[in-house]
Amino acid sequence: QMQLQQWGAGLLKPSETLSLTCAVYGGSFSGYYWNWIRQPPGKGLEWIGEISHSGTTNYNPSLKSRVTISLDTPKNQLSVKLSSVTAADTAVYYCARGQLPVGRGLINWFDPWGQGTLVTVSS
Amino acid sequence: DIQMTQSPSSLSASVGARITITCRASQTISNFLNWYQQKPGKAPRFLIYAASRLQSGVPPRFSGSGSGTHFTLTITSLQPEDFATYYCQQNYNAPVTFGGGTTIEIK
Numbered sequence: 001q002m003q004l005q006q007w008g009a010g011l012l013k014p015s016e017t018l019s020l021t022c023a024v025y026g027g028s029f030s031g032y033y034w035n036w037i038r039q040p041p042g043k044g045l046e047w048i049g050e051i052s053h054s055g056t057t058n059y060n061p062s063l064k065s066r067v068t069i070s071l072d073t074p075k076n077q078l079s080v081k082l083s084s085v086t087a088a089d090t091a092v093y094y095c096a097r098g099q100l101p102v103g104r105g106l107i108n109w110f111d112p113w114g115q116g117t118l119v120t121v122s123s
Numbered sequence: 001d002i003q004m005t006q007s008p009s010s011l012s013a014s015v016g017a018r019i020t021i022t023c024r025a026s027q028t029i030s031n032f033l034n035w036y037q038q039k040p041g042k043a044p045r046f047l048i049y050a051a052s053r054l055q056s057g058v059p060p061r062f063s064g065s066g067s068g069t070h071f072t073l074t075i076t077s078l079q080p081e082d083f084a085t086y087y088c089q090q091n092y093n094a095p096v097t098f099g100g101g102t103t104i105e106i107k
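Protein chains in written order, with my numbering: chain X, 1 to 123; chain R, 1 to 107.
None of these hints come from the bench; they were simulated from the model. Note that the Cβ used here is the ideal one computed from N, Cα and C, for glycine as well. Treat the hints loosely; a few may be bogus.
To be verified - Some but not every residue of chain R turned toward chain X, in silico, with C-beta under 10 Å:
no., residue
1, GLN6
2, ASN34
3, GLN38
4, GLY41
5, LYS42
6, TYR49
7, PHE83
8, ASN93
9, ALA94
All chains should be built: construct the whole structure from the sequences, respecting the hints.
Printed below as a string of structure tokens:
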């Protein structure tokens with residue numbers, strides 16, 4: 001049973017860079033698409049972006065100028081960096097596996113998910 | 001971006017009740033619609049894909065239907081563990097987007 005475990009700094013000041021890592025255990029890293037999704041406190045879910053097992057990325061246009069998703073394949077880990085954070089970036093951040101690239105009229109879903117990491121941006 | 005609108009945003013129901021949640025897309029998404037369940041402090045749990053297909057292990061009291069722009073999630077005979085927030089998600093176009101959620105509370 002594949003499990004995703006994530007970690008990273010939970011408290012940032014405005015203008016700093018958010019950095020989170022997600023490790024994949026119990027299954028193949030290859031052949032899937034690895035996503036980051038966030039959820040502001042008490043609000044809904046927002047897709048941040050994805051990276052394929054070969055390193056191809058696709059980002060939400062609303063965050064594209066500030067986000068970078070990368071892989072460390074030997075370690076079965078993926079990471080996300082979000083620069084110039086503001087209070088609006090305060091959220092629980094999740095990593096999640098996709099079967100295929102998002103959109104494109106494909107039957108695809110997010111499963112499993114990491115446990116979530118609360119990141120708070122405050123001066 | 002495709003906007004996903006869920007209704008109601010919350011509802012109260014009793015154990016054993018049948019409930020239906022609606023999800024509407026701002027444009028047609030065929031059947032590229034997923035449903036997730038989320039409990040407080042937990043990550044979402046994947047329930048249904050392609051509008052109506054149950055993920056392995058999901059109880060048959062959950063069902064989904066719809067296509068185009070109108071979708072529903074129905075739970076027959078609510079169980080105590082079903083009280084949670086439910087989200088729809090479209091996978092027709094990137095960026096994929098989620099509905100605002102429907103919270104089912106115990107009456």
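Non-conforming hints, listed in increasing numerical order: Violated hint (a single one): 7; every other hint is consistent with the structure.
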